[in-house]
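**Q** If you want the building blocks of each chain, they are given just below.
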Amino acid sequence: MKSLIFKTASTYLLPLLLLFSIFILLRGHYLPGGGFVGGLMAAIAFLIHSFAFGMKETQNIIKINPGYLMPIGLVFAVGAAIAPYFIGAPILKGLWFEEPFRFIGMVGSALFFDIGVYMVVIGATLTIMFSLTDTV
Amino acid sequence: MLIAVILGFIFAILVPFFSKFVKKAIPFGYSLLPLSLFIFFLQFLGEIKSKGHILFHYQWVPSLGIDLSFRLDGLSLLFALMITGIGALVFIYTTYYLKGHKYLDRFYGYLSMFMASMLGVVLSDNLMSMFIFWELTSISSYFLIGFNNEDPASRKSALTALSITGFGGLVMLSGIILLQAVGGSYSFTELLNSSEIIKNSTTYGWIIALFFVGAFTKSAQFPFHFWLPGAMKAPTPVSTYLHSATMVKAGIYLLARFTPLLGDTFWWNSTLITVGAVTMVFAAIHSVLRVDLKSILAYSTISALGILVFLIGIGSEKALLAAGIFILAHALYKAALFLITGIIDHETGSRDVTKLAGLQQVMMPVAVAGFIAALSSAGVPLLLGFISKEVMYEATLQFGDWAIILTALAVLTKILLLVAGFWAGIKPFTGTLPAEFGKAKLPSPLLWIPPFLLGVLSLGFGTFPSLITESLIQPVFSSISGSDTIIQLKLWHGFNLVLVLSILTLVSGGALYWFLKPSNDLFQKTVRFEAISPQNIIEGGGKLFGSFAGIWTRFFQNGYLRNYVITILAFLTLLMAYRLFGEVNIYIDWNQISAVSHYEIIVVVLMIISILFAISTNSRSVSIVALGVVGFANCLFFLFYSAPDLAMTQFSIDTLTVLLFMLVLVKLPKNKQYSSKGIKMRDALLSLLFGTLIAILTLEVFEEPSSSEVSKYFAENAYILAKGRNVVNIILVDYRGFDTMIETVVLVIAAVGVYSLMKLNLNPSKKDL
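Chains as they are written, first to last, in our numbering: chain U, 903 to 1038; chain Y, 7 to 775.
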């Protein structure tokens, strides 16, 4: 799609959507949102960009192979899940910092878990996307 | 004891790391492992003699009743000594036999893995762990038989052996489970107490039948015998170790072990006698029809195993004693014969018994070992084989009405085996040396000392039976028969019928050896019967099964996505329709359904229009977009009923789906009318039915009294326990955190799957299509 309007719009949409996806990810614990939806949104952001500029260009922006996000995300999720084990609590128990952080709010193991999910979703979706367009 | 058993496994894992060092510093260093284990087991001789048996207990999976408990008694000690003793000799022998081989380390790794599994089989008291070790012997023998992995024939034999023995092992597993169900324990020692209950139970017949299949496949009994000659494709040390001395005796061990527990019933005895007799005669005849030294030995081994099964089947004290002695005697002489064959093969490059002759001129010590082994196999006095043969004839003669037939069969087998033994141990060494083998010379002592040592043992034990009577044979006998009778072994039994039979065997065997020369003609004559041999029948069955599986798979896995979807949907529809109309009263309570508002009607109309659009349009992109509209309309419904999280996710998913479809569809050719009218009607009907059923199902769900307790609990405790206000998210990351974690893993697997499917290029020429 070589429409100029679409191209211009998607240049601005990409950072905005990415920011929005992080916002969705962070608010998940209290308001609608979460890692899964956030991840999907981020993937959509890249997908829109690739429609405007082609897959090669998007791959250039991302720089790293999105496949790497999957193991990193898994490490986050599994790490957050087994972290309580090391302080003697049962696995997957929620651990929280006492004081809320600025902008982010309460930070706990559930947040890291969600970040892991977020990364896995982005990684998986983009991997599927790139391998589909590479081959077809 | 645990360490003694698993040392071989540890060793096998470590071999690759220190192999470089061992090769340089101490070439035969590997042999220290079986040698030290042999010494370790030797020191139990005294204790077993006085105590009967020793138990060692290690917990493993207590919740399933599976423990690593080991029982050391006469029988298992005899086997442990054979495994480690012959193992040590084979290890030493291999140092030279496979010197400089590329994969020598790998070979030692497999060999020690096998040794450890074999020790596990004979020492395990817990039947489950015995089964595990049993299968491990099959697996390690698969690697050893297929050691020359570049040779297709060797790979095929390995696979045959694995299939047959693995199949038998599985059958035996069901036997073990049945036995546990009846006897209430996996522990052999505990089961011994409930022997009578098991024998009188209704499943007794099944239990012994299943155990028989396990034992017969492992010990190459008719009609499962054919994997053993095939397994001779393995290097000679392997044939020596696995296929004459140890692994094939595992089945014998099993039968002997279970004799006190399951034996001494009509079916037990008559089955074993029949199968054993058929095997020993059948294989003995075959062994004198072969010309390849290893084939001769393979068939004579099968025959010997048949004799053992036959003796255990007779089941009298004399017969069990004979079995006990024959296990040892056979291991000693047959291992020696195999090792000698290996030497001949190594030095002359031939195993053709019609050509080999006169080698005693160049390798005297080997010839001596060969003579002793052949004479022991023939049962000449002063050798261990003689004693075992005497006791065996005594046993058959005492067997009531059938004594004459059984004795005749035994004598016939022994005569033929004598010829086979002479061919392998004497024929290659006598006569004049053919010119083509002129270059043969005496190999390194590492090769000829092991068979020589085995020969010395045969001679020593045979001349002075008191050496082993009390220390070894008595405990073996007690643990097989379960009785306390004191046994005595003598060289001279007086002049009686047994001696006459012995002389008859020797004389007619010698005469047969004199007149019957091994020849290719005889071998060729047997080839005609290949078509009806068990090997062909079973292999044919395997092929038939394979082609059936092929047809079955091609029918269902036809590679068309649309057919898969149709199959799945049609099956689900039928199943659900059957349940719904057959057993459930469809009842819809209209009062429960809330009033329909006007914006809901608008959305529904929107949905219907886009669906109609999707199925009527000719453009793929349009129909995808129309489907996207349906999805978004769905999101609106989620929003109406206050499920923002669902709406959000559905929205993202739909966007993503449409975009992904677009990515791919753009590249496809223009849509044409591919399907005929009939197919379209079929699809429409199926979708309508499926959709209707889902709708009915959804309505029916309301009829179930829904429990709000769970959701109430989640809502109330979300903030208290998980410090969050979004219950949906709390469920995902906290209450059901584990599910989510696994789902992420599934997602990764799916992505990797798509990636590899896309990148996989099975047929490069089709790339452009």
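The hints are simulated quantities; they were obtained by calculation from the structure and are not laboratory data.
Predicted model only: the values in this text are computed from it and were never measured.
Positions of the beta carbon are idealized from the N, C-alpha and C atoms, including for glycine.
Incorrect hints may have been included.
[Said to hold, decoys possible] Heads up, incomplete: computed chain U residues facing chain Y, CB under 7 Å, no partners named:
id, residue
1, L942
2, I946
3, L949
4, I984
5, Y987
6, I989
7, G990
8, P992
9, G996
10, W998
11, V1022
12, A1026
13, S1033
**Q** Give a verdict on every hint.
**A** Hint check results:
1. L942: holds, 4 Å
2. I946: holds, 5 Å
3. L949: holds, 5 Å
4. I984: violated, 10 Å
5. Y987: violated, 13 Å
6. I989: Where the cut-off is 7 Å and the nearest Cβ of chain Y is about 17 Å from I989/U, the hint is violated.
7. G990: Constraint on G990/U not satisfied, violated at 18 Å.
8. P992: Not OK, violated: P992/U not within 7 Å of chain Y, min 11 Å.
9. G996: holds, 5 Å
10. W998: For W998/U, the interface hint holds, since the closest Cβ of chain Y sits about 6 Å away, which is under 7 Å.
11. V1022: It holds, given that the least Cβ distance between V1022/U and chain Y is near 5 Å, below 7 Å.
12. A1026: holds, 4 Å
13. S1033: Hint holds; S1033/U Cβ to chain Y Cβ min 4 Å, cut 7 Å.
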